[in-house]
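If you want the building blocks of each chain, they are given just below.
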Amino acid sequence: MATRRGFLAGLASLSLPGLGWADVGSPAWLAAGKEGEDYVLHGLRSDGESLFSIPLPARGHAAAAHPARPEAVAFARRPGVFAIVLDCFTGAIRHRLTPPEGRQFNGHGAFSADGALLMTSEVVAEGSEGRIGIWETETYRRIGEWQTGGIGPHDMKRLADGRLIVANGGIQTDPSDRSTLNLDTMRSNLALLSPEGEILEIAELEPELHQNSLRHLALVGEGVAVALQWQGELSDPVPLLARWEPGRAITLFEAAPEEIYTMKGYAGSIAANQGMIAISSPRGGAVMVFGEDGTPLATHRRADICGLAALDQGFVASDGGGGIWALGGAQAPLRALRHGATSWDNHMVPIG
Amino acid sequence: MSRFRPFGFALALICGTGPAMADLKQAVDAVMLPGFATFAKATAALETQTESHFTETGGQCDPTTLRPAFNKAFDAWMALSWLHFGPSEEGGTALAIRFWPDPKGLGAKAQRGLLLGDPASLEPELFAKQSVAARGLTGLERLLYPGEPPGADPCPLLRATVKDLARLASVLDAGWTGDQGFAQLLLSAGSDGNTRFLTRTEAMQAVFTQLMGGLEFIADQRLGRPLGEEDKPRPERAEARASGRATRNFLLELQAIRRLTAALEPDAAGTIAAMDRAIVAAGKLDEPQLAGVSDPERREKILEVQRLVRSARTIALSEMAPVLGVGLGFNSQDGD
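Sequences listed follow chains A and B, in order.
Per my numbering, residue 1 is the first one in the first sequence, and the count goes up by one each step.
Per my numbering, residue 1001 is the first one in the second sequence, and the count goes up by one each step.
The set of hints was computed from the structure by calculation and includes no laboratory data.
Don't take every hint at face value.
As the list claims (entries may be wrong) - Below, a list of computed lysine-lysine pairs in the DSS-like style, where the Cα atoms sit at most 30 angstroms apart:
#1 K264(A) - K1129(B)
#2 K1072(B) - K1163(B)
#3 K34(A) - K157(A)
#4 K1104(B) - K264(A)
#5 K1072(B) - K1129(B)
#6 K1109(B) - K264(A)
Based on the sequences and whatever the hints tell you, model everything.
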């Protein structure tokens, strides 16, 4: 352990005077939101209390937390023109990241395990071809980019061995707004990238589900669980939860017939914990909990619910009406942790 | 520890007082609760009639004699079909009552399994666990208006489906009434211990969401599915074609939505007038199966109803939402 501690201390000392997340109260999650007409990023403690809040220039989406330093990168909604590196101790903006000419941020990002690199999901503005932007994290200089092997990459997750899984949502968007351009021909996939950015494997769904967009990821087992968004007809009930382990095919999990319309074809966020996977739907006003084998366990109702993360034996969830909720286990009812004036945006991003 | 912008959750107490004008109690007492009571009564009457019919005929059945009572129950459901919250959404109860749309034909398939399968599955307790797709009004319609002769005697299945439907209706009614009922949850929004509705605004938002969702479903699904594309109408997708209720269903639904609007916000004159325009136009349609979607002249009249329903929704959003202090969801209206 001495080695690890020394390693972390060394990292932190590179730019900040040894500060860690504990120095800002050990927040559990980062969450973007809206207060009145203002957009903010909060650091939340595990009981839902806000430890800090930092203004954002426009509506945020997801964020990425540096593994050691109290430093967060807040991403704009896609197609995004900003990503902001925030000092969570002082609240100061340390860096403003702008994508290179002809690129746009697409909502998510991740740090490398050692915190030395930031990876950002991006599209080539014309055509929405996927890129991962690579930034070093001392001065946040862009040092390169990787292909993602698909259109419209959104979420990404780093496996323990440093390989990266990218959800190429498949949706081409107009560079100037959020309108979709290719719903008839779209094809989503999951790409596995080596730690150096080489595409190792690509998995996609069967052709009749080509309008099912693989968008958000949670680490499960040797791979990921995936939350999907159906771009086809709402009356066609399709699976919105999948799992993928590299080297295998994607497995889809159907909802029970009594729940096939619960999510309104839209899973907005996903988290995994204690052998369970939860997906949320702000459109359906519900969180559905499954076993890791896809067995439906429970459905919880709450309007505009979306943000999800692991908490204790279950999950925590946030909603657009200002609520933060604990889901004890699969069957326990939603328990209000906090309720306030912040409309919580799509994601709760775990720190550490 | 840094606290450069302390954040007060107590703000909610100031912001969450909710609208003073809108009459949630009137909406609950005058529209919702009577609706569930009427549906329970109508399905109980259908059950009574089915039972006596079986007694009279010694277990034989003539489905046609049960059609009027079935239609009354269906009418009663259409006054509620769009209220998707509370007991209706628990365990898929609303879907078990009315499974539609069903583009994959899950219902017919599951029902065939019941018709040809082990009669024990028709016992009430087991039947209640059968697929929601096979049961309810949708299942009954297939039995009462069969397109082709059934592969086995449909009478035991008919009886079981009627019994199950009446049970579901009474479960719903019970779930809405009483001290612990959902009506009370709506009306006690914001009080201690009410974790379903933390503020009165949340309850108002939930009701408004039902109203908006109901209008959207009529325009996009009940009308939109059969309308299909301009060059590719889909008359086979109209709902309840066998019983000829395709237009009647959304007309009844529109009328119920209008009743709720008038009870909730009587001053929403623009919205109510817009709903009336849609109701009048729908009432003029002579389209029991919406087959006219394939005929240019008749299609135009159906499209006009769809436009009027969408317009009523737009007007409700601009006129009612600010008064009720609600909106469309922060996350739900827009993708990621």
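Here is what the structure says about each hint:
{"no.": "1", "hint": "K264(A) - K1129(B)", "in the structure": "holds, 23 angstroms"}
{"no.": "2", "hint": "K1072(B) - K1163(B)", "in the structure": "holds, 16 angstroms"}
{"no.": "3", "hint": "K34(A) - K157(A)", "in the structure": "holds, 26 angstroms"}
{"no.": "4", "hint": "K1104(B) - K264(A)", "in the structure": "holds, 16 angstroms"}
{"no.": "5", "hint": "K1072(B) - K1129(B)", "in the structure": "holds, 25 angstroms"}
{"no.": "6", "hint": "K1109(B) - K264(A)", "in the structure": "holds, 23 angstroms"}
Of the numbered hints given earlier, the model fails none.
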